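There are 2 protein chains.
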Amino acid sequence: MALYVEKYGGTSVGSVERINAVADQIVRTKAAGHGLVVVVSAMSGETNRLLELAGEFAGQTATRELDVLLSTGEQVTIALLSMALIKRGCKARSYTGSQVHILTDNIHGKARILEIDDARVRNDLAENRVVVVAGFQGVDVDGNITTLGRGGSDTTAVALAAALQADECRIYTDVDGVYTSDPRIVPAAQRLEQITVEEMLEMASLGAKVLQIRAVEFAGKYHVPLRVLSSFEEGTGTLISFEERNMEEALISGIAFNRDEAKVTLVGVPDQPGVAFRVLGPIADAQINVDMIIQNVAEDGTTDLTFTVHRNEYEPAMKLLEQAKMELGAREITGDDNIAKISVVGVGMRSHSGVASTMFKTLAEEGINIQMISTSEIKISVVVDDRYLELAVRALHKAFGLDSEVAPAGTD
Amino acid sequence: MALYVEKYGGTSVGSVERINAVADQIVRTKAAGHGLVVVVSAMSGETNRLLELAGEFAGQTATRELDVLLSTGEQVTIALLSMALIKRGCKARSYTGSQVHILTDNIHGKARILEIDDARVRNDLAENRVVVVAGFQGVDVDGNITTLGRGGSDTTAVALAAALQADECRIYTDVDGVYTSDPRIVPAAQRLEQITVEEMLEMASLGAKVLQIRAVEFAGKYHVPLRVLSSFEEGTGTLISFEERNMEEALISGIAFNRDEAKVTLVGVPDQPGVAFRVLGPIADAQINVDMIIQNVAEDGTTDLTFTVHRNEYEPAMKLLEQAKMELGAREITGDDNIAKISVVGVGMRSHSGVASTMFKTLAEEGINIQMISTSEIKISVVVDDRYLELAVRALHKAFGLDSEVAPAGTD
Chain A
1209 MALYVEKYGG TSVGSVERIN AVADQIVRTK AAGHGLVVVV SAMSGETNRL LELAGEFAGQ
1269 TATRELDVLL STGEQVTIAL LSMALIKRGC KARSYTGSQV HILTDNIHGK ARILEIDDAR
1329 VRNDLAENRV VVVAGFQGVD VDGNITTLGR GGSDTTAVAL AAALQADECR IYTDVDGVYT
1389 SDPRIVPAAQ RLEQITVEEM LEMASLGAKV LQIRAVEFAG KYHVPLRVLS SFEEGTGTLI
1449 SFEERNMEEA LISGIAFNRD EAKVTLVGVP DQPGVAFRVL GPIADAQINV DMIIQNVAED
1509 GTTDLTFTVH RNEYEPAMKL LEQAKMELGA REITGDDNIA KISVVGVGMR SHSGVASTMF
1569 KTLAEEGINI QMISTSEIKI SVVVDDRYLE LAVRALHKAF GLDSEVAPAG TD
Chain B
1209 MALYVEKYGG TSVGSVERIN AVADQIVRTK AAGHGLVVVV SAMSGETNRL LELAGEFAGQ
1269 TATRELDVLL STGEQVTIAL LSMALIKRGC KARSYTGSQV HILTDNIHGK ARILEIDDAR
1329 VRNDLAENRV VVVAGFQGVD VDGNITTLGR GGSDTTAVAL AAALQADECR IYTDVDGVYT
1389 SDPRIVPAAQ RLEQITVEEM LEMASLGAKV LQIRAVEFAG KYHVPLRVLS SFEEGTGTLI
1449 SFEERNMEEA LISGIAFNRD EAKVTLVGVP DQPGVAFRVL GPIADAQINV DMIIQNVAED
1509 GTTDLTFTVH RNEYEPAMKL LEQAKMELGA REITGDDNIA KISVVGVGMR SHSGVASTMF
1569 KTLAEEGINI QMISTSEIKI SVVVDDRYLE LAVRALHKAF GLDSEVAPAG TD
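Chains A and B, in that order, are what the protein sequence lines are. The first sequence runs 1209 to 1620 under the numbering used here. The second sequence runs 1209 to 1620 under the numbering used here.
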C-alpha cells in the first residue's frame, strides 16, 4: 500500500495508443493496491504546434498569454488519460495546475512552485481515485496561469510527491534509466541501478538530459526518492538516492559531456578587485547564462579570465566583451566555439585521490590537449577540442572501469 | 464611449488570418474610444478534433473530463487573440471561464450560468485593456470546469453584457443578420434591421440557427440589446430589440421552418385526466425532446394525441408509445418522419387578424395539405409533407410581402 507519484512525459503519452498503454500500466499498479497520482505532459509535438501558432502572432513576448496557450497542451492529456482510466472502470479525476492549486510566482514561462494545496488530492486518494494532474503549469496568487518552463512536468511531479510525502516519485520517459555515459557515443555504457542526487545534478547539467535539473534539486531538498524508468519497456530504471553508496562501489558514476558550449577569454586584464564583476555583470544583464568561469593566478599584474557560454550566445558574448576590454584596458579577446566539455562525475572521488591523474593520463595517452580544467567535490571537467569528444569520452569510460562486458540491450 | 461585449464564433476565428482580421477590427473599435469585452469560441474544427480524440476513449460518458478537454479549444483562441492585440500595441488580457469566474451549475456538457463575478473585468476595463474571455465554459462551486453546450459562447457574451450593463452585445458570425427566411430556400429573403426577442426566439427554435436560443432568452430577461453581425463584411446586422415595432411595419417578420422533425400519434386514447402525462412522461424520462403537442377535442370518449420529436428520435419514441398504447388501451399508433414544420412569425399578428387565413389560403392555392396546426401569440406553425417545404416557404414569403425587389447580395 504505497503512494506513488508517476510522471509520464510527452513521448509516453504521444498518441492514442500510448495513452492507452499508460492507462493499462496505471490500472495494473492500482490493482496491486497502491495509491497513485499521475502527472502528465502535453502529447509530444503539441507544445511545438502551439508555439508555432503563437509565433504567427509574435507571441513570445506576450508571456502571460503564451502560458494561457501552452497550458492547454497538458489539459488535453489529463482529460484523455482520465477518460481512458474511467473506460477501464478505474476511478479517476483530472486537475489543471490551477485547480489543484500549484501556487507559483508570477514569472511567466519559468515560474517556480511556491506551495501546493494537497487537500483535494488527498481527498480523492481517500476515495480510491487515481488523480491525474497537468504537469508544467501552475497559478499565481492573482489567478493567472503560469508555466514552469520546458521539462517542468518533472518538477510538478516531485513537488507533488514532496507535498504528499509519497513513497516514490517515478519519472517515466523514453530511456530506461541513467547511463554511465551516452550510449550513442559509448556503446559500452551501462545503466546505473542507483545514483546520488549530487551526481545526478552534475550529470544532468552536463548534458545527460534525462531529468530536469530543478526537479532533481527539489527531490534532494525534500528527500523525495526519485526513480527514472522507461514507459516503453519493463525495468527498474535508476533510483536517485540520498545515501552515500558503498565504498566498494565504483569511484565514478559516469562520464558526462556537452558540446553546446563556446569559450571566451579576456586576456591581460589588470589583477584588481571588481574585475570579474565588471566583465560578467553585462553578460548577466544580457540574460546570457555562463557555465564555467576560470581565472588563474596573476603574472605581471595581469590575469586572464575565461568563461563558457551556450554556443548560440557566443557572438553576443564576444560583442559585450569589447566594451569590457576597453573599460578595463585588457590586452585582447579570444574565443572558440569548437569546444566540448567532458566531466567525470562520482561521489566516490571525494575519498579517493588519483581520479584527476587517471583522467589526465588517459587524455594524454590519446594525444588530446586539455584547454581548461575545473573541479568540484564530485566532478572534474575539462574543455577539449570538439573533434576529440567521442574519443575522449570512450577512453575515459573504459579507463574508469565503466564499460559493460557486452553492449547493453536496447541501445542500438 | 460605449461599452460593447463582442462575440466571435468559430469561423470568425478559424485561422491565423481570421484572428488577425478580428484583431484589426477590435483595434478600430477601441480607437473610436469604446470599451470592449471580447468573447471567443474555439477555432472552427477544433471542437470536433477534440471530440474525435475523446471518442478514441469513449469519452462521451466521462462528462467531467470531456469538459476539461473541450474547454481547451477556447483557451487557445483567447491566448492567440490577446497576442494579436498586444502585437498591435493594444493592451489586452485573456481569461478562461474559470478565471473570470463564470459560475455555473454542475451539469457537465450543458451547464447553466448562475453568476458572474465582474470585478476583474471592470478593473481591466478601467485600465483601458481589451478583455478577452473564453466562451462556452465556466466553473462550478467546487472548481470543476464546465461547458455550456454547443453555441454556449453566445450565452457567455450575453451574460457578460448583462453583468457589465454593456450598451450592446454584438454577436459576430458568418451571416450578416437575421433574414425573413433562409436565403438558400427563398432567394428573395431580406435581412431584418430589427426583430423582437419574442420573434427571435420563435425564429431560432424553428431553425433559423443564427443565435443560440438560451442566449436570446438571457438577453430578453436582462434587457441586453443584442445585435447579430457578420465578421466577414461591413454592415449593421440585425438588432434584437425589446420594443414593439411601429404598427405600420410588416405584420410578419419571417418564415421559419424545420425539417428535422417527425410526428407520432396515439389514436383513440380514452379522454380522461392524466393521459397526456402517461404518454409523454416516459418520453421525457428517455430524454427525448418534444416540440409540438396537439390534442383535439374528444369524440366518442376517445381522442388522438400527436406530438413531434427530432427525426433521430422517431424510432425510440414509437417504441415507447407501444407501452403507453397497451396501458391506456389506445386504438393504434401512427407516425411519419417525412414531415416539415413551417411557421410564420411576427409580433404584428397580435393586433391583426387575418394572418392565419392568409397562411391557410396560400397553402391551399398551392395544393398543399396541412397535417397539423399549432399557434402561439406571435406565430402560426403548420406541419406539411416534407416534399412541399420549399414551395410552401416561398409562397408564404411572397404572400406576406417579405420578398425583396431584387435578390439581396451575398445570398447566391
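Hints were generated in silico from the structure; no laboratory data involved. From a predicted model like this one, the values you see are computed outputs, not experimental measurements. Note that CB positions come from ideal geometry on N, CA and C, so glycine has one too. Do not rely on the hints blindly, as some may be mistaken.
Sample of chain B residues at the chain A side, in silico, Cβ under 10 Å [unchecked claim]: (1) V1224; (2) L1258; (3) A1266; (4) A1270; (5) L1277; (6) L1278; (7) G1281; (8) V1284; (9) M1291; (10) S1302; (11) H1309; (12) L1311.
Requested in this report: Kindly indicate which numbered hints from before are broken by the structure, ordering the numbers from low to high.
Outcome: Going through the list in order, the structure violates hint 12 alone and respects the others.
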